[in-house]
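Enquirer: Below, each chain spelled out in residue letters.
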Amino acid sequence: MKFKTILGSLLITLFMAAPAMAENYIIDTQKHHAFIQFKVKHLGYSWLLGRFDTFKGTFTYDAKHPENNTVKVTIDTASIDTNHAKRDKHLRSADFFDVAKYPTATFESTSYEDKGHDRGIMKGLLHLHGVTKQLAIDVDQVGTGPDPWGGYRRGFEGHTILHLSDYHMPFAPKLGPVSEDVQLYLSIEGIRQ
Amino acid sequence: MNLRNSTTTYGWITIVLHWAMAVAIFGLFGLGVWMRSLGYYDAWYHRAPDLHQSIGMITLALLLFRLCWASTNVKPHTLGAPWERTGGIIAHRLFYLLMLIIMTSGYLIPTAEAEGFDIFSGLHVPALFHLTPKQADINGAIHKYSAWLIVVLAALHAAAAFKHHLINRDATLLRMLGKKKGE
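These protein sequence lines map, in sequence, to chains A and B. With my numbering, the residue at position 152 of the first sequence is 152, and numbering never jumps. With my numbering, the residue at position 42 of the second sequence is 42, and numbering never jumps.
This is chain A alone, in the form it adopts within the complex:
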């Protein structure tokens, strides 16, 4: 009897859990409602801004169990754009990103800590320039709802700081200690599948 109760409640739990399964989203990079931007200090006097133009990714969203939220993004490192051809060429070269050898960078989440009020911390592994480092991204949900074209969308923004010296880019130390911290800003809109 007891065993049956346990089994029954287990089955009910499983059954109940099924409809609350995570929603799958594809990041809208087709119409580009998604941006990966960075800024780094120039000489310590101002901010240099740049972005990656080409990337793709997916995320899952589970309203009932936010700890199950996941994200995976793959960035085309050659798409780096700082609005200056010679600098972008330098950044693509072996002095920095070495895009011939490391054409992609990836971020894959490992855990999500819900902080309430549509906020949380997405932890994961950033794989960049042959180095894998733990990264914690502060995440805010910006909004969610149906779009006018028959789809359903959900958008987040994220902030994090990465340390340039972690990624062993040969020219990076020459920029000086003022350029050690790179701020990343992510604005990601997903279309529910």
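Keep in mind that the hints were calculated from the coordinates and are not lab data. Cβ atoms here follow ideal geometry from the backbone N, Cα and C, with glycine treated the same way. Some hints could be false.
Calculated cross-link-like contacts (lysine-lysine; reagent style PhoX-like; alpha-carbon spacing at most 20 Å) [as the list claims (entries may be wrong)]:
| # | chain 1 | residue 1 | chain 2 | residue 2 |
| --- | --- | --- | --- | --- |
| 1 | A | Lys123 | A | Lys133 |
| 2 | A | Lys101 | A | Lys133 |
| 3 | B | Lys134 | A | Lys101 |
| 4 | B | Lys134 | A | Lys86 |
What follows is a set of in silico ranges between Cβ atoms, one per label pair, in the way DEER data are often shown [unchecked claim]:
| # | chain 1 | residue 1 | chain 2 | residue 2 | range |
| --- | --- | --- | --- | --- | --- |
| 5 | B | Ala127 | A | Pro177 | 33 to 39 Å |
| 6 | A | Thr74 | B | Ile119 | 38 to 44 Å |
| 7 | A | Lys133 | B | Ala155 | 44 to 50 Å |
| 8 | A | Gly130 | B | Ala61 | 41 to 47 Å |
| 9 | A | Asp53 | B | Gly30 | 33 to 39 Å |
With chain A fixed as given, assemble chain B onto it according to the hints.
Expert: Using the frame of chain A, we list chain B on its own:
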């Protein structure tokens, strides 16, 4: 001495173009190799590439004028053995081809993202071509390897000139200095 070439001598225009471009090309090569080794906080980190681009564009203008000038002038008869004459003609054509490739690819690097540059902070050079996202990288590689090729070719060219002068004892080198044999 004439401005124009004859069948035995070079005119002054050709001679000045030849030596000015020789100096420019070796200078650009040295400057190019050196500027790539500069550190970010070096005073020449921006100045050297600006100078390289400015001299490079002036050399391109000289090259275009030189091609027009060469095509409207006779060439002095080549001297030496048949293989030397053929080799010389091939080398001269390769020079023109390499110079065109080097200067075109050089222009396409800084202008790859629709941003022009200035010659000595004066005349603006517009960005005209945006061919592929890899334009700067591809032309960078073409620029580097063809620059090394032209330096090797120039060394051969100089060796050949000395061979003509010291072994063949003909007028090949002297006439590019505006002198006649025996003067």
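Enquirer: Determine which of the earlier numbered hints do not hold for this structure and return their numbers in increasing order.
Expert: none
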